[in-house]
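To convert, note that position 320 of the sequence shown is 619 in my numbering; the numbers rise steadily by one, no gaps.
Just so you know, the hints here were simulated from the structure itself, not pulled from any lab data. All residues carry an ideal CB built from backbone N, CA and C; glycine is no exception. Where hints are given, some of them may not hold.
[Said to hold, decoys possible] Restraint ranges, calculated between C-beta atoms of paired labels, are given here:
hint : residue 1 : residue 2 : range
1    : Gly394    : Val444    : 20 to 28 Å
2    : Arg416    : Glu486    : 47 to 55 Å
3    : Ala497    : Glu582    : 39 to 47 Å
[Claimed, not checked] In silico lysine to any residue, SDA-like type, Cα no more than 25 Å apart, as pairs:
hint : residue 1 : residue 2
4    : Lys633    : Arg583
5    : Lys462    : Gln560
6    : Lys546    : Asp588
7    : Lys633    : Leu584
8    : Lys462    : Arg521
9    : Lys546    : Pro600
10   : Lys546    : Glu601
11   : Lys633    : Gln560
12   : Lys462    : Val417
13   : Lys462    : Gly547
14   : Lys633    : Leu586
15   : Lys633    : Ser608
16   : Lys546    : Glu486
17   : Lys546    : Asp609
18   : Lys462    : Pro442
19   : Lys633    : Pro600
20   : Lys633    : Val499
21   : Lys546    : Arg487
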Amino acid sequence: MDGLSRQSGVNLGVIGNPTTYGWYRPWLVAAEEAGFSLVSSGDSQSLWADPFVSLAVAGTVTSSARLGVTVSNPRTRHPAVVASALAALHDLTGGRVVYGISSGDSALRNLGLPPARVAEVGEFARAVKDLCAGREVTWQGTPAVVRWAACDVPVWLAAEGPKMQFLAGQIADGVLLSNALDPTVLERARENLAAGAASVGRSADDIEIWCLSAMCLADTERAGIHRLRSLLAGTANHVYRHHFEDKGVPEEYRAALLTLQQHYDSRHHASPATATHNADLVERLGLVDFLAERSVIAGPPEQCVERISDLARLGVTNLLIHAHANEPLEFMRKFQSGITPHLSLAGSTSGAS
């Protein structure tokens with residue numbers, strides 16, 4: 300890999316959504332050794348194991364990586380239930396847990412529930428933060444408190460539109476951005492975050508910005524993107540479901556994106572192995588290249604290194620990766636041998652520099 304760049308200051312996180320735990324424990328160890336400073340799990344009860352259980356397992360296996368719920372929603376759990384679980388994880392992991400929340404996607408769709416509104420997300424996030432700290436809140440007219448808790452758990456918002464990004468600027472410790480590996484989209488998100496922060500006297504510099512990316516190691520970039528098509532469909536389905544305002548979507552793709560939302564199958568969200576329908580849908584609608592440019596790192600290791608380095612030069616400092624691989628542990632080993640040595644990862648435990 301002659302000529303590969305070494306890019307400093309990149310934090311890498313990785314999402315692991317186990318349905319069984321046989322592979323998960325060694326995968327967690329390998330993730331820390333590969334330099335990932337964040338390991339997270341999504342909250343979608345119909346598709347994966349419970350993230351609080353998964354992160355409890357992770358807390359007993361890892362030693363330094365932060366552990367995140369990425370992401371939950373305001374409608375399938377009471378905020379006091381969430382806060383109690385987070386406080387337990389905080390104690391178990393020595394304060395390494397973070398909690399991400401969104402308006403809700405597959406977890407709600409698979410229960411026939413609509414996504415939450417921006418105001419509801421904000422109220423829930425504030426309630427969880429206060430409850431973790433041991434403060435009493437009023438939730439839906441009823442007082443609630445977690446009497447045994449007294450901890451500061453960072454709360455992150457998945458923010459895809461200008462209103463949610465503005466809210467994140469006001470209240471969040473961190474923000475998760477999807478389909479933002481594009482300079483225009485990323486800059487707009489930063490502006491919205493800064494405006495929200497300024498409205499309450501905060502500095503946007505105090506907010507961690509994490510960009511999400513699907514990743515596939517393959518012989519060519521095209522082959523990797525092909526394997527990620529169902530993830531492209533899933534991300535587009537929730538990023539653009541309400542509107543296209545301030546999301547940098549050219550007019551030529553809008554009709555296709557609306558059609559995708561009408562026909563997307565949430566029963567197989569974020570599961571490439573079972574989502575042939577969703578993969579074929581995004582291909583048929585001619586959206587693959589447009590979406591891949593905003594959300595994918597794919598190809599042989601050297602190409603993935605260059606892509607990460609390009610994103611770092613764009614100003615991306617935190618990347619949360621959804622890795623697609625038939626064998627998750629094998630992916631992590633390939634990442635450690637082929638990518639980690641060529642990147643200087645902020646927060647790395649692997650010795651890369």
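Hint check results:
| no. | hint | result |
| --- | --- | --- |
| 1 | Gly394 <-> Val444: 20 to 28 Å | holds (21 Å) |
| 2 | Arg416 <-> Glu486: 47 to 55 Å | violated (26 Å) |
| 3 | Ala497 <-> Glu582: 39 to 47 Å | holds (42 Å) |
| 4 | Lys633 <-> Arg583 | violated (32 Å) |
| 5 | Lys462 <-> Gln560 | holds (21 Å) |
| 6 | Lys546 <-> Asp588 | holds (17 Å) |
| 7 | Lys633 <-> Leu584 | violated (33 Å) |
| 8 | Lys462 <-> Arg521 | violated (34 Å) |
| 9 | Lys546 <-> Pro600 | violated (30 Å) |
| 10 | Lys546 <-> Glu601 | violated (30 Å) |
| 11 | Lys633 <-> Gln560 | violated (34 Å) |
| 12 | Lys462 <-> Val417 | holds (7 Å) |
| 13 | Lys462 <-> Gly547 | holds (15 Å) |
| 14 | Lys633 <-> Leu586 | violated (29 Å) |
| 15 | Lys633 <-> Ser608 | holds (18 Å) |
| 16 | Lys546 <-> Glu486 | holds (11 Å) |
| 17 | Lys546 <-> Asp609 | holds (21 Å) |
| 18 | Lys462 <-> Pro442 | violated (28 Å) |
| 19 | Lys633 <-> Pro600 | holds (8 Å) |
| 20 | Lys633 <-> Val499 | violated (45 Å) |
| 21 | Lys546 <-> Arg487 | holds (8 Å) |
Figure legend: structure checked against the earlier numbered hints; hints not met, in rising order: 2, 4, 7, 8, 9, 10, 11, 14, 18, 20.
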